[in-house]
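S.K.: Protein chains in written order, with this note's numbering: chain A, 1 to 191; chain B, 192 to 681.
If you're looking for bench data, these hints aren't it; they were derived computationally from the structure.
Treat each hint with caution, since some may be false.
Claimed, not checked - Dumping the calculated BS3-like pairs for lysine-lysine here, alpha-carbon to alpha-carbon at most 30 Å:
no., chain 1, residue 1, chain 2, residue 2
1, A, Lys-166, A, Lys-154
2, B, Lys-653, B, Lys-557
3, A, Lys-166, A, Lys-85
4, B, Lys-677, A, Lys-116
5, B, Lys-646, A, Lys-154
6, B, Lys-677, A, Lys-154
7, A, Lys-166, A, Lys-116
8, A, Lys-73, A, Lys-166
9, A, Lys-167, A, Lys-85
10, B, Lys-646, A, Lys-118
11, B, Lys-646, A, Lys-167
12, B, Lys-450, B, Lys-509
13, B, Lys-657, B, Lys-557
14, B, Lys-677, A, Lys-118
15, A, Lys-73, A, Lys-116
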Amino acid sequence: MKPPARPPEIKLRDHVYDGIREFDQRLPNWWLNTLYGAIIFWIVYWFVHVIAGMVPGDGSQVDAAMRRIAAIKMANSIDVTDDAKFWAMSRNAVFTDSGRQTYDSLCVACHLPSLKGKGENPTAVGPNLIDNAWIYGGTPREVYHTVSQGVLAKGMPAWEPVLGQKKTAEVVAYILAHHTEGEPVTVEISK
Amino acid sequence: MSPSQKPRSSSRRSPSIDSVTTINADGSHRALHPADVHGRFTSWRRYSAYGLIGVYLLLPWIPIDGYPAVFLDVAGSRFHFFGFTLAAQDVWLLFFGVSGLGFALFFLTALFGRLWCGWACPQTVFLDHVYRRIERWIDGDAPSRRLLTAAPLSAGKISRRIAKHALYILASLLITHLFLAYFVSIPQLWSYVREAPREHWASFLFVFVAAGVLYFNFAWFREQLCIVICPYGRLQSALTDDHSLVIGYDATRGEPRGKIQQASSLPQAGDKTGDCVDCNRCVQVCPTGIDIRHGLQLECIGCAACIDACDEIMAKVKRPPGLVRYDSLAGLDGGVTRWLRARTVVYGILLLVGAAAATFAFSTVKPASFTVLRMSGAAYFVGADEVRNQFLVRLVNKRTAPVGLTVTAQGLPAGVRHTGFDAPVVVAPLAETVSPLVLLIDRRDYRGPFRFTVKVEGREGKIALKREVEFMGPDARLLEEDDHEKGIKR
Numbered sequence: 001m002k003p004p005a006r007p008p009e010i011k012l013r014d015h016v017y018d019g020i021r022e023f024d025q026r027l028p029n030w031w032l033n034t035l036y037g038a039i040i041f042w043i044v045y046w047f048v049h050v051i052a053g054m055v056p057g058d059g060s061q062v063d064a065a066m067r068r069i070a071a072i073k074m075a076n077s078i079d080v081t082d083d084a085k086f087w088a089m090s091r092n093a094v095f096t097d098s099g100r101q102t103y104d105s106l107c108v109a110c111h112l113p114s115l116k117g118k119g120e121n122p123t124a125v126g127p128n129l130i131d132n133a134w135i136y137g138g139t140p141r142e143v144y145h146t147v148s149q150g151v152l153a154k155g156m157p158a159w160e161p162v163l164g165q166k167k168t169a170e171v172v173a174y175i176l177a178h179h180t181e182g183e184p185v186t187v188e189i190s191k
Numbered sequence: 192m193s194p195s196q197k198p199r200s201s202s203r204r205s206p207s208i209d210s211v212t213t214i215n216a217d218g219s220h221r222a223l224h225p226a227d228v229h230g231r232f233t234s235w236r237r238y239s240a241y242g243l244i245g246v247y248l249l250l251p252w253i254p255i256d257g258y259p260a261v262f263l264d265v266a267g268s269r270f271h272f273f274g275f276t277l278a279a280q281d282v283w284l285l286f287f288g289v290s291g292l293g294f295a296l297f298f299l300t301a302l303f304g305r306l307w308c309g310w311a312c313p314q315t316v317f318l319d320h321v322y323r324r325i326e327r328w329i330d331g332d333a334p335s336r337r338l339l340t341a342a343p344l345s346a347g348k349i350s351r352r353i354a355k356h357a358l359y360i361l362a363s364l365l366i367t368h369l370f371l372a373y374f375v376s377i378p379q380l381w382s383y384v385r386e387a388p389r390e391h392w393a394s395f396l397f398v399f400v401a402a403g404v405l406y407f408n409f410a411w412f413r414e415q416l417c418i419v420i421c422p423y424g425r426l427q428s429a430l431t432d433d434h435s436l437v438i439g440y441d442a443t444r445g446e447p448r449g450k451i452q453q454a455s456s457l458p459q460a461g462d463k464t465g466d467c468v469d470c471n472r473c474v475q476v477c478p479t480g481i482d483i484r485h486g487l488q489l490e491c492i493g494c495a496a497c498i499d500a501c502d503e504i505m506a507k508v509k510r511p512p513g514l515v516r517y518d519s520l521a522g523l524d525g526g527v528t529r530w531l532r533a534r535t536v537v538y539g540i541l542l543l544v545g546a547a548a549a550t551f552a553f554s555t556v557k558p559a560s561f562t563v564l565r566m567s568g569a570a571y572f573v574g575a576d577e578v579r580n581q582f583l584v585r586l587v588n589k590r591t592a593p594v595g596l597t598v599t600a601q602g603l604p605a606g607v608r609h610t611g612f613d614a615p616v617v618v619a620p621l622a623e624t625v626s627p628l629v630l631l632i633d634r635r636d637y638r639g640p641f642r643f644t645v646k647v648e649g650r651e652g653k654i655a656l657k658r659e660v661e662f663m664g665p666d667a668r669l670l671e672e673d674d675h676e677k678g679i680k681r
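Throw the hints in and build the complete structure from the sequences for me.
M.R.: Right, here's the structure in full:
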């Protein structure tokens, strides 16, 4: 097979290395244009981000997003110091029903399905939630505090990080549904 | 084949092995107009391409277990493949999927060269069997297309151009919409399509940018992708050898090429001319603009158009077909192709090892999974009567049907009881639950920390998972001393 004739427009460069010669051919225009385009993009990007600061940096964008999330959380949050509101929730089946679902999946392990805990079975882990004796305070806001922050020394976990504020408040409403507002409360001295 | 033989129009340059036919000396792109070709490979490629396009178009529509056959639900972190569902935590299996494809491609390339490029690559499938078909339908055959390109603007030319590019854009939009459906499912896609673009601006932008890229690629860029961009094409030379199947020209039989002598088309005894009649058909039909008679070149995508073109001519001049054929370089040189050689054996072993590892990896994917985590707070609690450990058990159902799971603690020493998980937990499809598991051991039975096993069972034994967990506690002797001081009887 004879080697095909080289078209005259194809040039070879002068240098030779180990008998290897180099063509001097033009790169495709589309290839050159992507290179020039990338250079222009770099200049525009550098100007917009570094020189003019027209686009906020990644850090401030993250901060702004975190502020938006915090604002939404605040807008949807419940006033957990409002005892009257907790009592009202505890009389509303929408809250107590979803509170019971959470209780039945998580709290029952220690406080038993009856909420009576040690009051029903002395070998149970958690204390009775139905009697009027409270260890860490019996007002709704104190109960909420106990459930949300936990009593780590006794083994009661902090549930708000797991459940979020809404579900925690629902569980408190479910517990309060077994109590009446203004009932006598005795606070045990914690051991 | 000297240029003086026949005057050529500027859009047809005889290919050379020293430069790319599709790039002019000034760097501009030379559009090719490959001639029509008929033959067995052309037909088979068309059927297989229609089959592949059909698979691509239909997969998102076929429901299997309530989900599309292939549904990469990125938003839900669930990946459905023909009823097999992978969760986000199974994404490591992708390694075996990708490396397996790589090994398979290595093996196939060593044996059959660029079979993938010519027959199965989406670039070739869509270009040859969708876009070039549209072009052929609107603009006519290769000479008509060349004439139309050279013709001055006229109402007829403008309307043809508008029709062709409108169809190109329509095809590109269809392909990209279907592509999006693989990630959001057809009903979701349909609701996106009917809603305002700003409702789903990211998807909208993706579809239209991708459609724009496809349109540019298939309307103008075409063979440049295979020649300059595709890494697989560039990797070929490292994967093939003289015994790999390629499309080649039998120079021994064909040379010296020459026009048929008038007297007889059959080669006579002592005839000096070879079988190649130098009709240039193989060059005219080539979609990447090469002359296959120059030997194996990186531009060749193995589409077999030149085989069909040459066979057709050989039949007409009553010479045997196969002057251009699927063969190895060794075979074209008159030798014998060796299929069994170090390269194919090594690639084959790599493929088998990869397949075995992938099979094992996929067999470890269970329809459910679970984790046992210690609850927040202290690692253990020492009460008046007992030592206590508290765990949260997270159950994950990876199937598309609800499942009842029984959780038990096994291998417990005497005196240990646990609460939670008295009844099976029902986990909704593709959902997860978190429930506490509390273990208590009587102080008098406590002999120090121990390990036990949490077992999760369901679906009549089809699901059986276990995990070893440590029960933590103080040194047993410290507890004994403490009891002694408090006067607790042991």
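S.K.: What's the verdict on B/Lys-657 and B/Lys-557, does the C-alpha distance respect the 30 Å limit or exceed it?
M.R.: Roughly 12 Å separates the two Cα atoms, so the pair holds.
S.K.: Is A/Lys-166 close enough to A/Lys-154, meaning Cα to Cα at most 30 Å?
M.R.: Judged against 30 Å, a Cα distance of about 24 Å means the pair holds.
S.K.: With a cut-off of 30 Å on the C-alpha distance, tell me whether B/Lys-646 and A/Lys-154 pass.
M.R.: 27 Å, holds
S.K.: Would you check the hint for B/Lys-646 and A/Lys-167, treating anything up to 30 Å between C-alpha atoms as holding?
M.R.: 29 Å, holds
S.K.: Straight-line Cα separation of B/Lys-677 and A/Lys-116 no greater than 30 Å?
M.R.: Answer holds: B/Lys-677 to A/Lys-116 is near 29 Å, not above 30 Å.
S.K.: Is B/Lys-677 close enough to A/Lys-154, meaning Cα to Cα at most 30 Å?
M.R.: Between B/Lys-677 and A/Lys-154 the Cα gap is close to 20 Å, so the pair holds against 30 Å.
S.K.: Are the Cα atoms of A/Lys-166 and A/Lys-85 separated by 30 Å or less?
M.R.: 13 Å, holds
S.K.: Within a Cα-Cα threshold of 30 Å, do B/Lys-450 and B/Lys-509 meet the stated pairing?
M.R.: 14 Å, holds
S.K.: Would you mind confirming whether the straight-line C-alpha gap from A/Lys-166 to A/Lys-116 stays at or under 30 Å?
M.R.: 24 Å, holds
S.K.: Verify the proposed pairing of B/Lys-646 with A/Lys-118, using a straight-line Cα cut of 30 Å.
M.R.: Between B/Lys-646 and A/Lys-118 the Cα gap is close to 28 Å, so the pair holds against 30 Å.
S.K.: Please work out if A/Lys-167 and A/Lys-85 have their alpha carbons no farther apart than 30 Å.
M.R.: Holds, because 15 Å separates the two Cα atoms, which is no more than 30 Å.
S.K.: Does A/Lys-116 lie within 30 Å of A/Lys-73 when you go C-alpha to C-alpha?
M.R.: 34 Å, violated
In this structure, only the earlier hint numbered 15 is contradicted, and the remaining ones agree with it.
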